[in-house]
Structures are given as structure tokens and as C-alpha cells.
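Participant: Place chain B on chain A using the hints.
Going down the list, the protein sequences come from chains A and B.
Under this note's numbering, residues 1489 to 1674 are what the first sequence spells out, in order.
Under this note's numbering, residues 1183 to 1333 are what the second sequence spells out, in order.
Quick caveat, the hints were computed from the structure, so don't treat them as lab data.
Do not rely on the hints blindly, as some may be mistaken.
Which residues of chain A face chain B? A partial, calculated answer using Cβ under 10 Å [as the list claims (entries may be wrong)]:
| hint | residue |
| --- | --- |
| 1 | K1514 |
| 2 | S1526 |
| 3 | K1530 |
| 4 | I1534 |
| 5 | K1536 |
| 6 | L1668 |
| 7 | P1671 |
Think of the CB as a built atom: it goes at the ideal place given N, C-alpha and C, for glycine as much as any other residue.
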Amino acid sequence: MKNILVASFLFLSMSALHAQDKYFTKEGKINFNATSPSSPEKVEGINKSVICVEDIKTGNIQFAAIMKAFEFERSLMQEHFNENYVESDKYPKAEFKGMIANNSDVNYTKDGSYPVTVKGKLSIHGETKDVETNGTLTVKNGKIAAVATFDVALADYKVSIPSLVADKVAKVAKISVDCLLEPLKN
Amino acid sequence: MKKKKILLKILAVVLIVIIGTALLAFREFYRKPKDLTNLKPKFTVSAIDFIKEFGTDDKKADAKYLDKVIEVNGVVKEMKKDENGYYTIVLGDTSAMSSVICSMDSLHNDGLQNIARGNNLSIKGVCTGYNAEEFLGSDVILNRAVINNKN
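Isolated chain A, as found in the complex (with noise of 0.2 Å):
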């Protein structure tokens, strides 16, 4: 009767955990920075409307970011990004599909911040590349705040720079990302 008990017991608060398995946001941010050295004014955009997944069980993690959505701000500047560098109409959606390597380092149930290391496939411009990068999850009442920022070189997406502002656009950009998940209630 008492192992009933307890097994009934473990089997309903797996289930509860079960439903907490997923975090989420669709307002996360992730920052375009390819201010070259030599430019005098930044080449920077913002896109805060990113959407982000983690099952933390797995350590399965997603973005989506709408290439569109990036804010600069100057409106030539978002023009020429659109139009000529990602071709947004073409490819309207960056992704980025992945896991956290160290995900059992971990304590999604204690508040704290865990250096992760992030592996997976990045889509831009529809040229798909493997990318690792180091982040931090920071655990803190019931959310995960995902930060990370890595590197991303446009060739390797296929995105040209015309010798024109060659001078201004890096071709190394910095990505920043800045997502807070909360837990997806079903």
C-alpha cells in the first residue's frame, strides 16, 4: 500500500515536472553589431521580438528571429541590410536550432547562474553553419534568463559587403542574445 502510495505520488510529480519541461519567450532580443574598427557611426540593430524554446530536460534549445524585425537606426542603414546583405524577402527568418552541451550541470531548480556551452546549427541568408558558443543561464524565480554572445563572420553566410562601405561593415559581426524564459503552461 505505501509503495503504491509513493509510486503514485513520484508518477504525479513527474507529470507536474513534465509540464514545466518547456521555457519560453517571443520578446527576446538579440543585437547585429558589424561596426567595423575604422566607422565613425555604428552598425548596429536590434530585433526584440526574438522567439526562444529550451527544454530543459533535454537541453534542446531554439531561436527564431525575423530578419525584418531588426531595428537600426537609421533607415538606410536597415534598408541596405534588408534589401542587398540577408535579402530578407527572400529569407525572412534566422534559426538557430541546438542544444546546451552541459546541460546536467545545470540546476533548473535552484537559483544561480551556469556558464553552458551551446552547440547547433545557425541559419542566415539560407546558408545553415554548425556554431559553439560559451553562455549563461541564469536561474532566478521560476525563469531562465539565456545570455550569450558569439561571433559570425558574413562570408560564411554568404553575405557580401560592397567595397563601397567596406570600410564601415565589419565582416566578423558580433551577435548578442538576451532571452528570458518562462515556463510554457499547457
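Facilitator: Frame of chain A, contents of chain B only:
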């Protein structure tokens, strides 16, 4: 004497053209994104119909709405403010996962803190895309959004 006058006139015209072109180029280069407050929307839709239209045929909806100023009317599902002071207002059916996600123009943050779930709202924004996701529902994204004051 007459020749000199004509030459001067030509010089003046050339100068004006050069200065004009430089000014236009300068303005084009430093052109800021448009403030949507005083812009007329190209289309007016309800949040639920807007999501439905993208769900039925996203290619067609893309062609109709992308890069255009859209006025969306609907119920607030969520109002969020992040640590950098950026506001996001989510419109749609409060019992469904799919939504219209409005990333608000940070120049017009005044009054946004009073918006709460359940409010009826009219928002203007530039439609930038659609994202369909298995677990999270399908969302239409609006950028540089502002509250639409109809009075």
C-alpha cells in the same frame, strides 16, 4: 560685360544644384525611421483575423502586409517591459497561443505601463513577419508600434 553676367548666372545655378544634391544626400543618409504616430494605416484589421489570414496563406498575407503600416485592434493578452525599458504588447485571443506581437516604439513609452491584460486596444505598427511554431503557436510581428489614438 554681358558674358560675365551669363557666366555668373551659370555658376550660381551649378552651385545651387551641387548644394541641393549634397543636402538631399545628407538627408537621405541620416534619414530616421518614420514615427508612426501621425501615419495613416494601410490596413485596419482585428488581431484574430490578422492571425487567421497569415495562418491560411502566409505567402499571400506576406505580399499584402509586409513592410506596411497596419492598425490592429484586439484584446491585450500580455504587456511586458524588459530591463532595458522596451515594451512588448501581445494582442489576440486570450485562450489561444497565437498572437500579434507588437514591439513598441521606445520613443513613445509614455502611458504603456498602465496597459493590462484584458484591455481593448488599437495599435499601429509596421508588419515585419510571421513565425509559425509547433508548441508556441503562430505569431504576426509588428515593429515600431504605437498606441493608436483615434480621437
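Participant: Which numbered hints does this structure break?
Facilitator: 2, 3, 7
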